[in-house]
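K.L.:
Letter by letter, the chains look like this.
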Amino acid sequence: MAHLNQLLENEVFMAFTSYATIILTKMMFMSTATAFYRLKRKVFANPEDYAAFGKEENAKKYLQTDDRVERVRRAHLNDLENIVPFLGIGLLYSLSGPDLSTALLHFRLFVGARIYHTIAYLTPFPQPNRGLAFFVGFGVTFSMAYRLLKSRLYL
Amino acid sequence: MAHLNQLLENEVFMAFTSYATIILTKMMFMSTATAFYRLKRKVFANPEDYAAFGKEENAKKYLQTDDRVERVRRAHLNDLENIVPFLGIGLLYSLSGPDLSTALLHFRLFVGARIYHTIAYLTPFPQPNRGLAFFVGFGVTFSMAYRLLKSRLYL
Amino acid sequence: MAHLNQLLENEVFMAFTSYATIILTKMMFMSTATAFYRLKRKVFANPEDYAAFGKEENAKKYLQTDDRVERVRRAHLNDLENIVPFLGIGLLYSLSGPDLSTALLHFRLFVGARIYHTIAYLTPFPQPNRGLAFFVGFGVTFSMAYRLLKSRLYL
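Protein chains in written order, with our numbering: chain B, 415 to 569; chain R, 415 to 569; chain W, 415 to 569.
Among the hints, erroneous ones may be present.
The list treats identical chains as one, so a pair stands whether inside a single copy or across any two.
In silico DSS-like links for lysine-lysine, alpha-carbon gap of 30 angstroms or less [what the hints assert, rightly or not]:
| # | residue 1 | residue 2 |
| --- | --- | --- |
| 1 | K474 | K564 |
| 2 | K456 | K474 |
| 3 | K454 | K440 |
| 4 | K475 | K456 |
| 5 | K456 | K564 |
| 6 | K454 | K475 |
| 7 | K475 | K564 |
| 8 | K474 | K454 |
To be clear, the hints were calculated from the coordinates, so they are not data collected in a lab.
For reference, chain B alone in the conformation it holds in the complex (with noise of 0.2 angstroms):
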């Protein structure tokens, strides 16, 4: 378990472990707010999540799409594309020994801009914050990329 130990107490990777935790626990809550206006609109997928809440007839009521609960699906959605470069790349960087003033940089620059999104796609703000938002975390992950490429590559 010794190195264990060492890794944990390696300070980029802490930092990563801390970011990458919480903007997988925001993505999470994703799934809690389209279950909740699925609830609140009565608007659901599936026929057999509805069916504590009426007949058969009324089926096409109840398997409507329903814009808020679409904006909440894209919002997750974007997340995933996101998040899961961000965690892949982000991860092997922290390992590639980084400064980690430049690492903590990137990692509070991708959480920021992720939250920064959620809030700016449900509220929703005009563009281009919804943008912005996306490109800093786009660009953050790139340089991540970009740095790991240019001292790492082994192909």
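Given the coordinates of chain B, work out where chains R and W should sit on it, guided by the hints.
P.N.:
Here is chains R and W on its own, set in the frame of chain B:
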């Protein structure tokens, strides 16, 4: 290589490796399930996919959406949305030196809940079967996130 | 930090880092491809996105779905569904001490197959081009999962 072997002698990490591989392999079979139902129901998302089946004039028929196919798609997306946080948080949790029996309890509950979720979604079982399976998996990931942040927060 | 440097002197892990970063960067460009086609075709998912282009009464026109945009979205989602298992299983496989040449074969085939998949999806090439590319990537990930579980199963 010495310390890599050490990492793989760590029982929590080996257990995480096994359970993560099993649940990811299960998720991969959702792709083949989608392909199976698309071919069986002859319902496709792209014109080039039904080229072997018939002529252009049948496009409308082949490009319909189908309840069965859409159900598998939703189960697959729900897997992605839940397995990505489990992978990220679970990996970091495994490296944080948790108690072996606590870690095994988390991994087994998650994998069991997600397999039950898929069965409940595709059969489908009446609610709240699927909902409960979802919340067990969600709770397990949340519990690992909480333990990580409580012991290792570094912002 | 000694053992972190050791980790990065491990050739399999360095190779995984390079290939995973490349394929995740490729996936990130699917987001920009979607944005490009949305702007070019003037087809948006959210009312706030076309506010700069025109008035409310054109909402119906701007909120249509477009074949080209939906095709990029499907390619992106297919990437997510396949790259997530590769990332998780590939990382654990890299740490399990595999033979360098075997590992390189896996990584190169996967990255090549997924790049070809994207080209075949977006052009589009007639089937079975895309289908074969999908199954090569699927087979590579499955082969890594099998090797992991055969040598490291701990339940």
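K.L.:
For this structure, which hints from the list above don't hold up?
P.N.:
The structure breaks hints 1, 5, 7; every other hint is satisfied.
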